[in-house]
Each structure stands twice: as structure tokens, then as C-alpha cells.
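K.L.:
From first to last, the protein sequence lines are chains W, A, V and P.
The first sequence finishes on residue 306 if you use my numbering, and the numbering steps up by one all the way, no holes.
The second sequence finishes on residue 306 if you use my numbering, and the numbering steps up by one all the way, no holes.
The third sequence finishes on residue 429 if you use my numbering, and the numbering steps up by one all the way, no holes.
The fourth sequence finishes on residue 429 if you use my numbering, and the numbering steps up by one all the way, no holes.
There's no promise every hint is true.
If the Cβ cut is set under 7 Å, some of the chain W residues that face chain V in the computed set are [as the list claims (entries may be wrong)]:
#, residue
1, GLU20
2, LEU74
3, PRO101
4, HIS166
5, ALA292
6, GLN294
Chain W is nowhere near these chain V residues, computed Cβ spacing over 10 Å in every case [stated by the list, open to error]:
#, residue
7, THR94
8, VAL147
9, GLN201
10, GLY274
11, ARG291
12, PRO333
13, SER394
Simulated from the structure, these hints should not be mistaken for laboratory data.
Idealized CB from N, CA, C, for every residue including glycine.
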Amino acid sequence: MTLIRHAEERIAEMVESGEVGCPCHLYIGQEAIAAGVCAALTATDTVWGGHRSHGHYLAKGGSLAALFAEVLLKSTGCAGGRGGSMHLAAVEVGILGTVPIVAGTVPLAVGAAFAYKLRGEDTVAVAFFGDGALEEGHVHESMNLAALYRLPLVLICENNLYASHLHWGERRVADNFDRAGEFHSVPGERVDGNDVTAVHAAARAAVERARRGEGPTLIECRTFRWRGHVGASFDLDVGVERRGELADWLPRDPLLRVSEELIEHGVADLAQREQAIDARIAGAVEAARAAPQPQPQPEEALCAH
Amino acid sequence: MTLIRHAEERIAEMVESGEVGCPCHLYIGQEAIAAGVCAALTATDTVWGGHRSHGHYLAKGGSLAALFAEVLLKSTGCAGGRGGSMHLAAVEVGILGTVPIVAGTVPLAVGAAFAYKLRGEDTVAVAFFGDGALEEGHVHESMNLAALYRLPLVLICENNLYASHLHWGERRVADNFDRAGEFHSVPGERVDGNDVTAVHAAARAAVERARRGEGPTLIECRTFRWRGHVGASFDLDVGVERRGELADWLPRDPLLRVSEELIEHGVADLAQREQAIDARIAGAVEAARAAPQPQPQPEEALCAH
Amino acid sequence: MRALTYAQAIREAHAQMLALDARVFIVGQGLWSPWYAGSSLEGLDREFGCARVVDSPVSENAVTGLAVGAALAGLRPIVFHPRMDFMLLAMDPIVNQAANWSYLFGGHAGNQSSVPLVIRAVINRGGEQGAQHSQALHAMFMHVPGLKVVMPSTPADAKGLLMAAMADPGPVLYIDDRWLYAETGEVPTEPHTVAIGEAAVRRSGSDVTLIGISWMAAECVRAAGILECEGVDAEVIDLRSLKPWDKTTVAASVSRTGRAVVADGGWRTAGASAEIAAEIAERAFDNLLAPVARVALPDTPAPASRAEERAYYPGAEQIAAAARALLERSAGGLVKRVAA
Amino acid sequence: MRALTYAQAIREAHAQMLALDARVFIVGQGLWSPWYAGSSLEGLDREFGCARVVDSPVSENAVTGLAVGAALAGLRPIVFHPRMDFMLLAMDPIVNQAANWSYLFGGHAGNQSSVPLVIRAVINRGGEQGAQHSQALHAMFMHVPGLKVVMPSTPADAKGLLMAAMADPGPVLYIDDRWLYAETGEVPTEPHTVAIGEAAVRRSGSDVTLIGISWMAAECVRAAGILECEGVDAEVIDLRSLKPWDKTTVAASVSRTGRAVVADGGWRTAGASAEIAAEIAERAFDNLLAPVARVALPDTPAPASRAEERAYYPGAEQIAAAARALLERSAGGLVKRVAA
Ligand SMILES: Cc1ncc(C[n+]2csc(CCOP(=O)(O)OP(=O)(O)O)c2C)c(N)n1
Ligand SMILES: Cc1ncc(C[n+]2csc(CCOP(=O)(O)OP(=O)(O)O)c2C)c(N)n1
Ligand SMILES: [Mg+2]
Ligand SMILES: [Mg+2]
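Start from the sequences, fold in the hints, and give me the full structure.
P.N.:
Have a look at this one:
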């Protein structure tokens, strides 16, 4: 979680300085979700994400250097510098892909789960998506398919209350996100998305259920993003004023809770650990800066697509 | 209801004889739904349907002659002979359109309801669709929009247990169709779709609720189609064998129940009334046969589209 | 008349239509925030109320269907898609429903089953956004009977074509390009319409005809400037409408110049440039001095990095180069084909 | 080799692929009933089990997305759309996702993020089904980089292109036409592939080249028969693959004959015929004796009545007429353009 936070704060600086040009949707404030869920997964389990997926990528074990390189559109990036922040993949550690079409990867995660089941593997697929994604009809289609075929799928709805500038109350009537799958027989649960222990416990139960062949589960993780919808600033960029809400959420910092617990448990070298993380980040940034840009391919090669 | 039944039996004969060439999806067995719902509507209220909409069209007051003409693709048809059985409209009596893309008109009905509300009218829009349509994601999107904007919309799910050859149990886990809108705050109710009184009562309540500005309601009308998914035959055409089920449903004939009640209430001229209906049908068929086909338009005129 | 930016012109058209006709409303994503639509819709919610300027859930299909149904029920909707890429989720209401509806129910535009709908889609690319946030898909819609497609390149046309789209009895797809939002130009103060289907000759010339669409029409004007310095006199036609498009004006020009470059911001294969090139080759057959040249995107998804973006998107330089190549190929000036 | 119908050949390809490769599965609507797919999938569920031959709910978008995800997870899916019209609901997984994916994640086909997917779509029209059940939308997909598109017209190709589509590392759209299902022809008994991107010359000739796609390729063969009786020697090219398409073979033929008719079962404007005509006009410019003729659907939705259907769908007669018109226009035989 600290890695995610610090890496993103570094990215935020690079966005503000203009060094990073691609659109970056920061995960700051939501780190407990990726961390808690991915800790419940094996290396072969797979995750799918969206536009706000730096956290998913790092929590699942994606290379830090390849993240910075991708955000800088370098050929050493995890998408070869052809995607940018919204397009992360690291197939070798089970990050099958994150793309910025809202809810676009949800049916794909269903397909991966379908593959695991057909092959008789006990691998689990995890779809991360936002509260806004539940407004896309194919998420409901997907839940029906997953339930009907009893697929090893875990649906993580990261409810940060907003879809870009619109609060959920401007987009739907009821605050019942955890029940989004009920009609399709996908059981749901709400957890405090800023409590990594709670997220982890719920994810572990859902993953185990999936591995037992009992089908998909939806977990609504209630959280809040600290920064704006896109970019580094604190949300003044989309014409909404969320200062009051943010003030309520800042004390619920998911990292703070963990640090407190760690200290309680006698872990004393927190500062040292943070320093090590920052050193890794600095190294990743340097490597990314030094890496070459992808070469514009001659049309011939591109046309092979 | 008798009109719908007899008209469709006539169409079935004309399909079997080859006189009708366009695909016809017969409503026989489901008549109580259209009749019960449309009896709860004013002339200005509007209905939207799908591929199996002869019943909706006639119950809402569509011209019998224009139906037969349309099925025979004549220029006097209710779609000018450019649509056929699956494309019925009669704007003057509030039939805004039926088309064969499953669930295609559900968002359109939402739009009509949106128009009535924006103009401050107390008109209600009704969307008829099948159990299969609930598998299309945009029906769920539509329910959310209708609930969010509190639109005067009534959603009639005609659950005849099958979507073409597939029983609902092959398409979803739970038999909870009446709760399809729950997540989106659309209240639902299940009624016996073969009981015109029950359908009518539920529809009236939903229509009144809509007129009061309280938003959309979903009514699941449980029923069974007697004929095959398409065409005149008794369901041997799509590779499924439903003889047993059909035997259970035949005694629950919606018309039989009504006749019995009418007789109980001392209405004695049933036979005479049926004769009058048959005479109207015969007249409509003759008129349709005599009518001209639409003229292939010169490309110029068509290109105006 | 006064100078407005392209984005301001779009906003003004919306505001005037909302003010003049109570049936008009806008629905789509991003209407209550400048984030999605730039300044092209700014403040309309405050001016006309959130009941008529409706920022919607992330439900492209049903929201577009809502607009189709509202049109059939007598309103005059504008459904807004802040990116064309997202509109792919709404192909059913656009193609299956809106485009077919009036034909299906009677076969003539202006009947009771017309769909008086404006679908507004924004091409929003560049800026390292990557392949899913870069697509210019106008050719797909140009192919669909029952739809009209307009793509303005100037502020005046941005306003005039939007108002014309609204006045049309059928569904019209109005496509604007974020790259044009800051362009300025004179725009009539009063409501005005630009006839759908009529191209504009932006510059008269005798050596070669440059035919551009939207952003690429602006690039054609720049290319003509480059060519002028080299002594080449280019005619520039801004197509403005893609369906129907102005075959007469284009064919007449090419018949005169004998050379044509078609410049389109979509992919080359089966793109708008193919249709235009094919039609020119047919109509100006006897007068063509060289094959019609097409300047379009390579047949690959969009890259993300700035360097690759620069290589990917052609502009005035590529158009000028294509024109030069045509002139070299047919250096001798006007040469008529000799028929037997 | 033995004679099979087109539908039987499709079924055989499916059966052999299911038998040979445990990663192969089919998902879509109508797999457990002959109603949707005719005999082209008949009995596969009984032969290979319902876990690998999956008849799906009416959820085009998510079902197609499922296939994309399964491909990325190592399976070899065939997602089946019994009508192209319905597939419009699946544009996001096809265009935004499958077509862009491998480029987005590395930029070269065959990388770990390739999508080895076959999307099978059926053109199913005629029979008074009306405009929403008649659309042939292949041109839309031909436009999309990252997708391949094949459209067989013979039983042998129906089998060979399906197996080639499956062997391809990227997403391939395979389009078959119900009007061809009863056509019979020799089909190799063993698994066989037909190279994607290679046209087939169905008949050699010297006066005019008829280029057809799918059903219209069969009509071109018939048109050549008609023309033969009139002393006209037509070459017939069956395009087979639409993307990539065989520009070399077509251009070489037209350069020889000097005349080309492009016959396509889609709408004319911005259709496949536009791309092919534009490319011919460019590549065979110096040898063309007359403008390339296009025989395609008029730019209107499909009508329903049998009489109007007959007028709407062109066939061998219209192709032959177009060829005759070309010959009249350039009656003097081969006339070379005189360059200055
Ligand atoms: C299909 C589609 N529609 C619209 C958008 C524009 N868009 C980008 S992010 C976003 C909001 C998503 O909200 P949510 O799912 O809650 O995720 P969050 O940003 O809160 O993490 C929208 C609407 C998109 N990318 N894709
Ligand atoms: C978008 C779309 N997908 C698939 C079809 C094919 N189709 C026609 S009717 C039908 C079944 C519909 O079932 P249901 O909604 O229950 O209506 P019913 O036929 O039972 O009245 C299907 C799948 C279609 N017409 N449209
Ligand atoms: Mg959110
Ligand atoms: Mg049904």
C-alpha cells in the first residue's frame, strides 16, 4: 500500500511538472482495496482493471519500473509504451489487462473465468471496476453469465461514490451497490474499502468460494478517491467541489490504519521501509527516463494488425 | 382477447398455406396480458413492443385491416408494407412501434416517458418485452434511467418461460423475474398472465402510480405461448419438445376463463359475438388481399433516407 | 457576426435551440462539467435547467435509446457522446433503431415515424490517450442508410450544421473534433443553418483539388498555403457533410483541375476517403490526370506516445506532399484521355 | 474430397477444430437448435458436449466479451452471432477491445496479448424479414484496424477460411451468408486452410474483371455465364478475404482487362465496393478503359415485401448489365491513355 501511495504521489508530481503527458487517474485513498484483494490471490490468479489501475497492477506484482516506463510511454513500459497509464498488463504475474472503456474488462474477466473452469483449473479471475461501471448494462449481462456457468470470478466494485464529476445520488436512486448481482444470483457484500483487513477477509472468502466451484461473488468496497477524477489536483478539475467530503475521508486514510496496527504489533522500522520504497521508486523513475521511446513502426509492420 | 385469438389463428392458417411469407411470432396463449394492460390505458398512453406484438397492437386499438395488410406486406398495412408482422405501429392510437431486435424498444419507451414528463403531460408509456429481454443489459440501464428520472413508465415482462428454444432455467439461475428492477429501485410484481383480471388490476395500479409521478413499475406476467417461437406450428420447429408443458397450460386458456365468467354474469351471446369478430376478420383479410403491394421506389426517393 | 471559437459556436447553437424550441433537450455524459465537452456546453445546465440539460449515468445504449424514443414522442433531443469510442455501445439505438425506423414504418422521411434526433459525437484524440480514446469512426456511420452525417470544420459551420441537424426530420449524426475547438472565425449572431449535403469551396485553384473532412479540411487550407509558396494553385473543398456528400461540387472541381487529394482523419481502408476517391474516379474519369490520392490514417490502432502520435496523424505536410506527387506524375499539364 | 453443402462444410470445420484442439469452444445464440444456424452447427452440442458448445442468453455484448477474455486466457473461442444485426450490440468487445488489444499491449501480433478469436456472424436476409433482420455490415468491420475479415462463397472456402481464422493469432471476423448454405461443392475431407488475404480467380477472361464478395462472388460467376453467351469473356475474382484483401491479384487482372465491376451485397456508400473501386482506380489507372463500376445495394434500409426485395437485391443480371455498359463505353477495345 505504501508502495502504491508513494509511486502515485511520484506520478502526480510528474503530471504536475508536465513530464507525464498521458491521462493518469490516481488511486490515492483507495489503496487498501487492491492490496487486500490481491493478497488473497495466488500468482496464477488473474486481475482485470480499468482506467484507475495503478494500484491493481502494483498490488498484483507488476514491475514498478515497467509502470513508470509505461506512464512515460517508453518502450520498456508494461504495454511497450503503446498504452500509457490506462493500459497496464503483466501477463506473467496475472495482470491480464486494464483499459479505459468503463466496464470494458468485466465481460473479459468472465471469459477468463470461463477458461479456467473449462480447463478444470482452480484459478480465479478478479474484475476491478468502479461504481459507475454498474450503469453499463453488460456488467449485468456479465453477472448473469458468471452465475449461470458458476464461474470462478470475484467482482470488486470500488465504490468511491463518484463517476467523474457525478455523485452516485445523481446517477441512481438507492445506495444498494452491494446488491447489484442479486437479481442474477450473485451474492454481494459491502466492506469498508479503507480497511485492508476487512477487504482481505471478504476477498479471501469470495476467492475460496470461487475455487470451490460455487460461482461468483460481488464485493462492494466503500472508499473515496482523494485526487481529482483525472490528473494530480484535488478535484477542482471537473467542476465539482468535494472539499468537505474529502475532509471527512482524509482521517480514514487506509495507510494510517495499517501503520497504527503495525506499530501496535511492534514493527518499528516503518520509516526505514518507506525509505527503501522511495529508493525503489527513484530507481524506477531513472530507468524509465533513460529508456527509449517506442519506434514509430513502418506502416507495413503496423498493418500486420 | 377473442379478436386477438381468432385473428392470429387466421394468420396461422395463412402462414401454413404459404400466403403469409414474413416471419410471424404468434401470441396465442398470452392474450390476457395485452388485453389486461391495454384496458388500463387511455388512448393517448403509448405502447412499445417487439417481435411478438400482434396482441399489443390489437388490444391498443390498432386497425385489424391494417394488421392483415401489413402481414401480407401491402401498402395499406400499418407500416406501409415495409415492415411485416414484426413491425407494427399506429401512432394515432398510441402504438409507437414494435420491432424485432430483442429489447430494442425498451429504452425508446423510457424516452417516450421522458417526453411526457418533460412536457408535464400525464401520459404513460408501456414497454412490452419477453423474459429473454431481461438478458439484454440495456434493459437494466433503462430501468435505472426510468427510476432515476421518476418516469411514467410501466414495464410488462411477458414471461412465457422460453426465449426461442431455451427455457429460462438454461439462461439464468433464479426464477425471480419480478425482482429484475429491484437493484434500480423499480418495484416489481408477479401476476398470473393468463388471468386478465389479475393483469388488469396490476396494470391499473402501475399506471396510476406512474401518473402520480411516482415512477416506473415492473409487472411480470407469467404465461406460456402455445405455438412455436415463430410460425404456426406447435413448437416442433426449434428443436424443443414442449408437449408436456403445453398440456399443462392449455386448460389455463385465458379465453376460457373469461368466457366462463361472462356466462356466469349472464352474457349469453358469446357465439354471436364470436361470429361478428370472425366476420370482421374475414373482411380484413379480403381487404388486405385486394390491396396493392408497396411500389418499389426509385432509388432517388429511397435515398432521401 | 463576431468571431467565436468553434467550441463557443457549438455552445451558442445549443443555447439558441434550447431558447427557441421548448421541445429541445440535451442528454448525455458530461453536461454538468466542463471536463467532457470543453466549453462547448458550458453553463447550459445553469441557463436552461437540469431537466433539459441532463447529465446521464454511464449507460450509452439506453441513454441513446431514450433520445430516440423521446424524438418519436415529439421532443427534439440532442444526445451527446463525449467520445466516439464510447458511442460504439449505442450502435443498436443508432443503427438498428433510429436509422431504420422511418423507413420501416412507412418508407418516407417526414412521416409520423420520423426520428428527429441529433446525435452529437466528439472525436477526442491525441494527448497520449491511446487507442481506445482516439477513434474517428465516421465512416461506419456514413455507410448506414437512414442516417445523415455532418462534420463541420469552421466555427460558422459548427453552428450552422448543428442547427440544420436539428431542423432535419430524420436522425443526424453531428461530429465535432476537439482539435478544432480553439479555431476562431466569424459566426452569425442569429440562428442560422448550413444546408446539409453542400460542400464549401474554401479556396479556388486550378492545379489540384484538395478535399478535406473536418480537421483535415482545415489542414487542406494550410496545405494550399504551403503549395502556393511553391507556385501550385490548389482548390480546397471542405466537405462539411459526409452523408449525403456533395458529389457535384467535388466532381466539377476535379474535372477542372484533373487532380484530387482526399484528406480524411479516419483510417484509410474502407474509410470515407475510399468512397470519395471511388466516386471521383468514376465521375471525373475522363479528366483525371493522375489517380486520386488519399491521405488518411494508417490501418493501425492509434499509438500513445507523442512521437508516435506525430508520425501517425497526417496533416498539411502530407497533403501537400500528395499534391506534389500528383503534379509530378502528370507534369505535362492537362492531358485528355484519348477515346477510340 | 467429396461434395458438401456450404452449411455442411462450416459444420465440418467446427467439428474438426473441436476434435483437434481442446482449447476450442463455441459460444453464442442458437447452438442447441437448428433454428438459428441452419445445419451449420447441427448436433455439435451432442457430439462435443454443452460445456464446449454453449448456447447463451440473449446478451450479445457480454457473450462476445466472454469470448475475448477466454481467448486472452488461452482458449480458442468461436463466438457465434446468428445475425449480423444483433452483433451491433457487441461493438465494444469487438472494436474497442479485441481489435485494439494486441496493439495496445505491445504493438505486435503474436505477443502475449494477442486475441486468438473467431467471431462468426451470419448475414441472414430476404424472406420478408424487414430492415432490422437484413443488414450486411461487413464494411464497418473492414474499416477497423486489428480485425481481419473473411467472407467465403464456396463450400471449400467456407471450411478453409474458418480453419484459417482459427489458426490466426488475432481476431478474425468470419461472415457467412444464409443464401449460400445450400450451395454444394468439393470440400477436402481433412482439415485445410485457405490463406487469409488471397483471392481466387474463378474464371479467366480478357474483356472485363468481375470482382465479387461472398454471395455476390457466386453471382459474378453466374453473370460471367450470361456474358459468355453474348461473346463477352469475363474474368471472375472471388475476393474471399475482405481485410486484408488481395489488391495484387485484382489490380493485375484489371490492368489486363481494362474494365472492372465490383459486386458487393452491402450498401453502396462507404461500402466495401468503395474501397475496392478506389484502390483499382489507383493501381490500374493507366490501363482502365472505363470507370470502375459498382454493383451494390441502394442506400436505403432493406424492404420487406418479396417484390421490393427483388428490386432491392442486385444479382447476376445487374452485374452483367454493368459489364455491358463498361464495354459499350469503351467499345474500341484496349485504348491506352496517352501520357504527355
Ligand atoms: C464506455 C465509457 N463511457 C464513458 C467513459 C468516460 N469515463 C471515464 S472514467 C468514468 C467514470 C467512471 O466512474 P467509476 O466507474 O465509478 O470509476 P472511478 O473513476 O470512480 O474509479 C467515465 C464515465 C468511458 N471511459 N467509457
Ligand atoms: C438483439 C437480438 N438478439 C437476438 C435475437 C433473436 N431472437 C429473436 S426472438 C428471441 C427470443 C426472445 O425471447 P423473449 O424475450 O422471451 O420473447 P418471446 O419470444 O418468448 O416472446 C431471440 C433471442 C433478436 N431478435 N435480437
Ligand atoms: Mg467511482
Ligand atoms: Mg419468452
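K.L.:
Now look at each hint and say whether the structure bears it out.
P.N.:
Structure-based check of all given hints:
For the restraint placing GLU20 of chain W at the interface with chain V, the shortest Cβ-Cβ distance is roughly 12 Å, beyond the 7 Å limit, so the hint is violated. Nearest Cβ of chain V to the Cβ of LEU74 of chain W: about 4 Å, under the 7 Å cut. The hint holds. Annotation: PRO101 of chain W was flagged as interfacial toward chain V, and the flag holds, the nearest CB pair being 6 Å apart, inside 7 Å. With 7 Å as the threshold, the beta carbon of HIS166 of chain W comes within range of chain V, its nearest partner Cβ sitting at about 4 Å, so the hint holds.
For ALA292 of chain W, the interface hint is violated, the least distance from its beta-carbon to any beta-carbon of chain V being 12 Å, above 7 Å. A least Cβ separation of about 5 Å between GLN294 of chain W and chain V falls short of the 7 Å threshold, and the interface hint therefore holds. For THR94 of chain V, the requirement that its beta carbon stay farther than 10 Å from each beta carbon of chain W is met, with the minimum near 19 Å. For VAL147 of chain V, the shortest C-beta to C-beta distance to chain W comes to about 4 Å, within the 10 Å cut-off, and the non-interface label is violated.
With a closest Cβ-Cβ approach of about 29 Å to chain W, GLN201 of chain V is found to remain outside the 10 Å limit, as its non-interface label requires. For GLY274 of chain V, the condition that its CB be more than 10 Å from all CB atoms of chain W holds, with the nearest at approximately 27 Å. In this structure ARG291 of chain V is separated from chain W by more than 10 Å, as the shortest Cβ-Cβ distance comes to about 29 Å. For PRO333 of chain V, the non-interface assignment is confirmed: its Cβ lies about 31 Å from the closest Cβ of chain W, beyond the 10 Å cut-off.
Its beta-carbon lying about 4 Å from the closest one in chain W, SER394 of chain V breaks the requirement of being farther than 10 Å from that chain.
Comparing the model with each numbered hint stated earlier shows that hints 1, 5, 8 and 13 do not hold.
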